[in-house]
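Here the protein sequences come in this chain order: A and B.
My numbering puts the first residue of the first sequence at 1, with every later residue one more than the last.
My numbering puts the first residue of the second sequence at 272, with every later residue one more than the last.
Errors might be hidden in some of the hints.
Said to hold, decoys possible - Computed, partial: chain B to chain A, Cβ under 8 Å:
#1 504
#2 508
#3 511
#4 564
#5 614
These aren't lab readings, by the way, just hints derived from the structure by calculation.
We put the CB at the ideal spot given by N, CA and C, even for glycine.
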Amino acid sequence: MTDKTQYLVRQEPYYQVQGQEVALYEAAYHARLPVMVKGPTGCGKSRFIEYMAWKLGRPLITVACNEDMTASDLVGRYLLDANGTRWLDGPLTTAARIGAICYLDEIVEARQDTTVVIHPLTDHRRTLPLDKKGELVEAHADFQLVISYNPGYQSLMKDLKQSTKQRFTAFDFDYPEATLEAQIVARETGIEQSVAAQLVKVAQAARNLKGHGLDEGVSTRLIVYAATLIGNGVAPRDACRMAMVRPITDDADIRATLDHAIDATFDANPA
Amino acid sequence: MPTGIRPVTDARQRQMAHPQVQAWWQALDCGFAPVADVFEECLDEALSSFSRAQMEAYIEAARFIGKLGRGPEPLLAFLEEWPAVAAAASGDQEPLLPQVMGAIRAMQKSPNSAAITPFLQTLAAVAKRLQSAEQIELYIDIALNLMVRTSASIHGHHTTFPSPGLPAFLEQAPRLLGLLSTAGLRNWTEFGIRNYGSHPERQVEFFSLKSADSHAVLQRERHGTLFADVERSLDLYLRALWRDSDLLVPYSTAFDELRQPVPYFDKLGMRVPDVFDDAHGPAGIVSGLNRYRAVLAHMVGHRRWSTAQIADNWSPFQRMAVEFFEDCRIETLLIREYPGLRRIFLALHPQPRQDACDAETTSCLRHRLAMLSRALLDPGHGYTDPVLLDFVRRFHALLSASESSTAEIAALALAYVAKTRRPSDQLATIHFDDTVIDYRDDNRQLWKFIEEGDEEQAFDAERKLEPGEALRGLPPRRYPEWDDASQTYRPDWVSVYEALHASGNAADIDRLLQKHAALAKHLKRLLDLLKPQDKVRIRYQEEGSDLDLDIALGSLIDFKSGATPDPRINMSHRTDGRDISVLLLLDLSESLNEKVAGAGNASGQTVLELSQEAVSLLAWAIDCLGDPFAIAGFHSNTRHEVRYQHIKGFSERWDDTVKARLAAMSAGWSTRMGAALRHAGHYLAARQADKKILLLLTDGEPADVDVAEPGHLRADARKAVEELSARGVDTFCLSLDPKADDYVRGIFGKRHLVLDRVEQLPERLPLLYMSLTR
Ligand SMILES: Nc1ncnc2c1ncn2[C@@H]1O[C@H](COP(=O)(O)OP(=O)(O)OP(=O)(O)O)[C@@H](O)[C@H]1O
Ligand SMILES: [Mg+2]
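So that you can see chain A by itself, here it is in the shape it has in the complex (with noise of 0.2 Å):
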């Protein structure tokens, strides 16, 4: 049997809350009900599940997912060893197994064939069929599915089908209100709270494009490099144009913008 002390989290994870949403989780996860955490790229999804896993005290099996990904990926597989062929058990049985809550992050990215595996999993059967081997696995009683997805994509490719989608209770995310956000940037580098606050009134300039040039604004994940850059000594508006403008565009008039953006809220020589 799998060793699940391995998956658990072990540190409290800094996890800044913005609204109901830990209440909101704890009911989900004592109903068992699947749960979907939609947001853009970089707002906090994936460590709002980790915080979750801690607070909760489950074990966390998480799976970045990819278009290679196949259903044996999250399932299991034959391996060959000296004595035969043998089965390996993928993340998502083992979770059931063991009763983790299973993060399935950026759903969207693997095909629509894989995704289906996920099916039986998430309605009142809570069953994994391993036709492969012949197992009907049932499910953990503590055993949770999560996944992740961002609408913010633009391909119609990379959308969930209906049937996937109405399996799973749903959270919004999306980057924090600016103060919020400043806070989270603060506490999670440690540089000052004025100066996060800068950082994040530029991002949300860049923010304002999006649709105009832009296809994502800046994620929190972005005015955080930033912020560990200043922590490293790099000066606030080679720390921006660096983690936060040169990473998104290569638009001239959008970083001639941007960089005015920067000068402007951290007061510099204009020229």
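Place chain B with the ligands on chain A using the hints.
For chain B with the ligands alone, coordinates are given in the frame of chain A:
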């Protein structure tokens, strides 16, 4: 195309299809057959934007031009170009038409009547560049000035010879205005007149841009930051930093040397100068771009925080003081948002010397207020006047805890006027030096006058509404339309007529594709990367998704018997084939005929031409991918006539027949989007495919001539999108309308993209499709 023209010897006897058009044709009293041939089409265009009164003026002017005795050319040019000119000047032909007619009369009276035709021929292109009636008038002044000063000075006696340079100048005008502001154009012209006024040949060389010094002067005049070059940056600036956006309208700075025009904003947009030079002040240089930003930031401040005050009870002095105080209040709030703004404002703000104004002889109120304004913004102002210092303190006290308000700050301003009043304030000589703060707008929005009353007469002049002749061919298909007000459908409300699109020359499309060969090559590489969706098994993999049992057993036996086993015992899956059907629906309404502004489009292409290129490339790309696709266009002329034109059917190949239809693409009429979406959607819904995508390319919001309330067709379009979604069709909208933000999300949800730079359409449309289906 309207028909019904029967060849009749005298063009005056021609019969026009529509009685109203017939009446206008008679009013025109024109005997030129070529004019009769196109008259209906010209009118069609005019009717789509002119009110009845405007139509009358248009026809009357045309009649005059037709009788100049210069053949059909000038009349043709006028009939064809004028609606576009009026449209460029925001549909406002009233002030412009007399100007243009005046110019024509002046040319006719002088020996320059031959210039009338080129003048009219380039006027629309010029208007497109200048975009305001005022600027177009300036252009006309420049042309007339050139005419007067270069006509017949050769022998020094009475004017008998036409200006050699004028026709060349008129031909070059659109190009010149692409490079110069009207001020620059005037300087360049001035140079040509002064130096070649009496050398006919060299004058022609100069004005047709064939001489070296003509180029050199042109280059020299291109100083400063032209509005046209930074328009997009300014739009981004407003959106990114201020979450604001509006139409930006440039005004000319060069012709009013005494009273420089001042920025302002009103319902129609934000008015800014057409060019800004870098400002060199004691505090350093402020770039032209940053001067524009300062102007916009200031206006944004008013839009956010100012409320209009009733002006009637206050004296001009009091109002002036209120304006200074309020300007400083909003700038303080702006700086609070972006501290870096202070530097820019202060670098542009004058710093009046404390003792510069002699209060015995001059009215010093302006001077006092300008100092105060400086002191309110500049902590290091250095002024010592105790009253000034007291008011600076009170100002900051009001603003320390809150945003204060226009009314509160106005009270402070009145107190200031009362406190500092001097008899000499009434003197006629006013001290102006160092008191003009040129990034501030004229504050017209800060006041309301009770006296004048509400003259908000919506001049929604009746628009043209004669439904065109019924289409021959298939009977119409009727669709319901959603009535948002009553939350019900109006059954069988809209008639959609289907037809095969007319054909042109397929080689034109091949030529367009050829033109974009480099882009096509780039796209090809991306297309190859697009992962298809169905699975194919690949065996003999060391790493794979599944054990391949046959091979594995063989390996195991090898292993047990001591031989080296083959490690490639897994298999994996590759995907193959895509199951996507896509229908590309093109808005073919009138507005597509507009030329695309912007630096990247020097050739002056219309949106239609760009769309044609983009659609050709997209069709080529989808064809490479092998996805079944169809193309159709639509436009409408009231609910009785939505035309839906097939360009390519799902079963047709991407071949010359289809290309020929694409080549003939033309635009006209309005955009009844919901009906077109429903009709296109019913074709898609009938297809077998995993993904059914309706890709809509449009440059504006739903509209039609028989619907006054804009919300109605939007709501209907949204409803149509919902209906399609329920039937498994995903709709995605690519909008070319810079103002689309206001409504496009309401209709399409997140499934839309607003393309800011229309000139990039040929590149972006295929890329968009790829990213949608990746
Ligand atoms: N509420 C929050 N509390 C603490 N940290 C946060 C919070 N929100 C965001 N962060 C910070 O933002 C970073 C990115 O968050 P996270 O990795 O959870 O994003 P995500 O939404 O899962 O992104 P993706 O969709 O790209 O996986 C975290 O590492 C953390 O520093
Ligand atoms: Mg994540």
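Quick rundown of the hints versus the structure:
A cut of 8 Å between beta carbons decides the hint on residue 504/B: the least distance to chain A is about 5 Å, and the hint holds. Checking residue 508/B against chain A by beta carbon gives a least distance of about 5 Å; that is within 8 Å, so the hint holds. Because the beta carbon of residue 511/B sits about 4 Å from the nearest beta carbon in chain A, less than 8 Å, this interface hint is met. Restraint check, residue 564/B versus chain A: the minimum CB separation of about 7 Å is within 8 Å; hint holds.
Annotation: interface hint on residue 614/B holds; nearest CB of chain A at approximately 6 Å, less than 8 Å.
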